[in-house]
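Participant: Spelled out, the chains give:
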Amino acid sequence: MVQPAPASPFYWRLNPEVYRLIGVKCKDCGHITYPRYEICPACGGFNLEQFKLSKKGKVHTYCLNYAVPPGFEAPIVPVVVDLDGGGKYQGLITEVDKPEDVKVGDKVKMVLRKIDTQRGLNLYGYVFRLVEEG
Amino acid sequence: MRGKVAVVGAGMIPYGELFDKSFNDMVQQAYKACIKNVDKGFDTKDLKAAWFAQWSGGFIGAGTQSGGTLSSLIGNREIPVTRTENGCPTGGDAFRNGVLGVASGAYDVVLVLGAEKMRDKPSAESLNAVGAAGASLGIFPGWTLGGGGTVLQAMYATRQMFELGYTMEDYARVAVKNHKNGVACPYAHYRFEVSLEKVLASPIITWPLHLFDCCPQTDGAAAVILCRADLAKKYTDRPVYVMGTNTGHDYVNYWDKHNFIEMLSTVRAARGAFEMAKIKPADVDFGEIHDCFSNTELMDIEDIGFCRKGEAAKLLKEGKFARDGELPINPSGGLKAHGHPIAATGLGQICEVFWQLREEATGRQVKLKKGIGIQHNVGGPGFGTSVVNILSRSA
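Chains A and B supply the protein sequences, listed in that same order. When you read off a place in the first sequence, starting at 1, and then add 370, the result is the number in my numbering. When you read off a place in the second sequence, starting at 1, and then add 11, the result is the number in my numbering.
Calculated from the structure, these hints are not laboratory results. The beta-carbon is built from N, C-alpha and C at its ideal position, and this holds for glycine as well. Don't take each hint at face value.
[Stated by the list, open to error] For each label pair, taking beta carbons as the anchor points, the in silico distance ranges come out as:
no., chain 1, residue 1, chain 2, residue 2, range
1, A, T464, B, E208, 28 to 36 Å
2, A, D471, B, F30, 39 to 47 Å
3, B, L379, A, T464, 49 to 57 Å
4, B, G176, A, R499, 50 to 58 Å
5, A, T464, B, F203, 33 to 41 Å
6, A, G456, B, G86, 56 to 64 Å
7, A, C399, B, A117, 32 to 40 Å
8, A, F442, B, G374, 43 to 51 Å
9, B, E286, A, N417, 53 to 61 Å
10, A, G455, B, G176, 25 to 33 Å
11, A, A444, B, G116, 52 to 60 Å
Take these sequences, add in the hints, and give me the full structure.
Facilitator: Given below as C-alpha cells:
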C-alpha cells in the first residue's frame, strides 16, 4: 500500500506536541492526553489547558510485533507507558529483541530518535529505552 | 424498543479464500441464499428498505461502496439503502440499524446485508492495511507504528497475563475449542482441528499471540430479513425475535484507556442490550462473540457479564464454553475458524444464532434452555466500538 508522503522535520519541529511533548489536561476531570484537543475525550468538557508530558514513566503493557510494515526489521516493540506525573503515552521501545528483555512495571525514559527515512526525509520520533536500575 | 422486530430469513455463503468470486458475486449469492431461506417464500417487493454493511473503505478489496451498489446488485431501485461502517462491528451495527428501522414503524420489512473482500491482498499486506485504517505511519512519528489488530490485542494479552495470571496456553485453548467447532460448520473458512501443542508451536505473529491465536482474513457475505413481529407468520412459523440491541464505545486512543484487561466498549454495549431485553447474562443459552484473537474471547466473556473478570480462562479449561458445555461460545467456530470478513462477520453470527435458535444447526446444534442467544462484535480504531444483539425464539 502506498503511504502518504511524510512531512519535513521542519514542520514537525514547529508542532509543539510532537517533539516538545505538549498535551492537554482537563480542568474539569483531570484527564491528561495528547495531542491538543478542544474537547476532553474523557468527560466532554471544554476547559482544557496545556500540559507538558513527562519523558519518564513505567511500562504499562507492550508486545513484540513480528508482522511489521514493509522496510522494518522485526520485532517492533510497541509499548504503553504510565508517565510520571500523569497520562499514558504510546510509542516504541528500543533495544528489546525478545519478550524477556522487558516486563510490565519497568522504568523507561523517552529519547528522540530517527525512526525512518522516506523519500529522502527523516522521520524523527520519541522512543522509549529502559532505565538501568541502581 | 417501541415495536417488536422478528428475523424471518437468514442466508450466507461459505466463507473462505474466494479467489473465484468477486465482491458483487458474494453480495448476490448471500442475498439469494437469504431469500430462499424464508420458509413460506418471500416476494422481494415486500422489502421497504435495506442496510448495506461494508467496511473496507478503500484500504483493501472492493473500495468504498454506497447504498446504490446494493440497490443495483439486488435489482431493487425503489427502496432506500444506507451503507454503514462501524469498524469490526459493522455487520452487527447494520443489523441494529435495520432493527431500529422496523421498530420505529418506518418500515415493515427490511434487508440487512454485509460483504467483505479481503483476500485480494496477501495476508501480511491485508493485515497492515487493516492497521493503517486506524493508524497511518508517518502522521505522528513513533506513536502508532504498525499498529494493526494483532498489536492492539497483544497489548491487552500482555496485561491480561500480568494482571489476571493468564498464560499463552490459556489463549491457545480458545483456538483449540473454536477450531473443533468449525469442523462441523459448512460455512466455516477453516474446517480442521488444531491441538494445544500445534497452537503453541505455531510462529509468533505478535508476542504473546501465535499464528493460531489470530483469526484469518476472509472473504464472505451474509444477510438477514427483518420484519414487524406481527407480520412474521406470513413468512415463517418459526421466527426469531430481537430482544435487545446496542452499540457501545470506549476511547479510540490507547493512551486514554484506564486499563488493558477489559474493553469498556463491550461492557457498555452489553449493559444497554441487556437492559433493553430485560434479561441477565445468566439467561443466555449460547453466544457468537468476537474472537478476532484468542485472548479477546476471554475478555469478551467477562465484559459481556458471563463471569467475573479473571475467571474466563479457568471456566474454559473446565469445559463450560465447549459446544456441549453449560454456555457454548462460538459453536460456529467463531472468527477464529469460521473467518472474519469484517462487515459480513456480525451478520454471519446472526445467521448462526437464528439457525441455532430454530434448532437447524445440523452437526453443531447447541442445547437450548431459555431459547436466547447473543451476538457480539468489538473493534474499530482502538477497539473503541462494540455491538451486542440479543435474540430469542419466544416473542
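Participant: Hint by hint, work out which the structure violates, then give me just those numbers in ascending order.
Facilitator: 4, 9
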